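Residue strings, one per chain:
2 protein chains.
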Amino acid sequence: MIEKITSATNARVKRLISLRKKAKLRKQEQVFLLEGERLFTDTPRAFIREIYVTEEYLKDRPEASMPAGCTILTEEIMRKVSDTETPQGVMCVAQMPSYQKEDLLGRSAKAEAGKAPLLLILENIQDPGNLGTMMRTAEAAGVTGVLLSKDTVDLFNPKTVRATMSAIFRVPFLYTDDLTGAIRSLRDEYGMQVYAAHLDASIPYDQADCTGPCAFLIGNEGNGLTDEAANAASSRVHIPMEGQIESLNAAMAAGILMFEASRQRRHGGM
Amino acid sequence: MIEKITSATNARVKRLISLRKKAKLRKQEQVFLLEGERLFTDTPRAFIREIYVTEEYLKDRPEASMPAGCTILTEEIMRKVSDTETPQGVMCVAQMPSYQKEDLLGRSAKAEAGKAPLLLILENIQDPGNLGTMMRTAEAAGVTGVLLSKDTVDLFNPKTVRATMSAIFRVPFLYTDDLTGAIRSLRDEYGMQVYAAHLDASIPYDQADCTGPCAFLIGNEGNGLTDEAANAASSRVHIPMEGQIESLNAAMAAGILMFEASRQRRHGGM
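The listed protein sequences correspond, in order, to chains A and B. No gaps in the numbering here: position 134 of the first sequence is 133 in numbering that gives the first Met the number 0, and each next residue is one more. No gaps in the numbering here: position 224 of the second sequence is 223 in numbering that gives the first Met the number 0, and each next residue is one more.
Excised from the complex, chain A in its bound form:
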């Protein structure tokens, strides 16, 4: 027997809407919303706390194939709860993955042995789609971890989660209150080359050796890096550009840098 919610004023419906809207509540409860068939299928079962589906969604699936404890929402309530205009009929409350600093360096049991750490460090990224795209691209480029300044947009924003294409469960990440301190520590204690992406840099990104332990530091979409963060890096690199474009989209710049590291590592050098 599957429980069915038909009232939009139901306390659980209100909580789902709050989880969609409020980063603070997500952080307090250490849970977030996952929407759509694809994310639902890709998410490790251990992370899923609650499942909500529509009757329409269940129609195509034998009840036995659904995990125990799923709850039915009417189409109308699903639309109210959903972050998308055309919800796919399935939504979950999932537990946030949680990591330590060491996990970001690729030293977890799952990490490939002997692989040099490759970090993406983000300062105050504000666009949820950009952040999600960076996580997706980071996984594909073999990034071992993502470090985020505390004023970076919430990784568990529904738009960000969607854009990660499930990389949110596979790329270790950590928010830090002291980004500059963390950069110095990576540089001085862990011997990493921290390359700050900076329009004023004299070194082109493809002249920076990325075969050893290294990190790319990317700043805010509109304002770039703070001087404090840029000064804490080992050096500054830029992406040479033609035409009259002043800067690339932040996610695009991060992707080009990460895949240059990936290219160098496949080729064993610059």
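These are computed hints drawn from the structure, not numbers from a lab. No experiment lies behind these values; they were computed from the predicted model shown. Fair warning: there could be bad hints in the mix.
Computed cross-link-like contacts, BS3-like style, restricted to lysine-lysine with a CA-CA straight-line distance of at most 30 Å [stated by the list, open to error]: (1) B/K79 - A/K21; (2) B/K114 - A/K158; (3) A/K158 - B/K3.
According to the in silico footprint, chain B covers these stretches of chain A (three or more CB under 8 Å from chain B) [said to hold, decoys possible]: (4) 44–53; (5) 164–173.
We treat Cβ as the ideally placed atom computed from N, Cα and C, and that holds for glycine.
With chain A held as given, fit chain B onto it using these hints.
Frame of chain A, contents of chain B only:
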């Protein structure tokens, strides 16, 4: 004396809204909307047909600094007309730039002499933001022109225009009814290497020589390239990926390929 429109039912207001919403009308009239201070400033004056501003916007600017013939809209009407939630107080109707095939090959008077053509060919890209980001990145990577299949989203969609960061006025582009024929022509008549970005490719993108005349062919966000288009290319290339990500965002993939060509051209080889 500046004309002021205060009624939302004014015929010109209705036309502006139609120009925002309807690709067909934009195409018929060969004009489109530009929104915001930055685009307004960056756009060559010869392309601007009409200018609309709010009184708030004029406050900070001496009337003399505004080009003749601008029209005032109330804040409320500007919000109605605008594609953004917080309009910046200035909107223009601009003429579409128009190009011939030869322009895409960098053979216009403005193009750098002796530079090998570098094309981006897009099949059925559907996300306006992706298309705009691709134009912006294309300019920065030194792409000489962008060829678009006729079912690709309209380049003059307000979201696309915003994302191009004015590259829409600087990168030659052409919609074609016969993408496959155009690819064959570029390959056979113009001697270009046309590289299709394809998940099933055996050649990594960084093993493809991009120093000569070449083009990258990118497919739809969800479905990739049609077989017809992919088969018309000279060869297929892929971006090697780690982790469990199945594909990159289409704009990201295009950006990584275009900047690999830029890198090779700066280094004089792979």
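Q. What are the numbers of the hints that this structure violates, sorted from low to high?
A. Violated hints: 2, 3, 4; rest satisfied.
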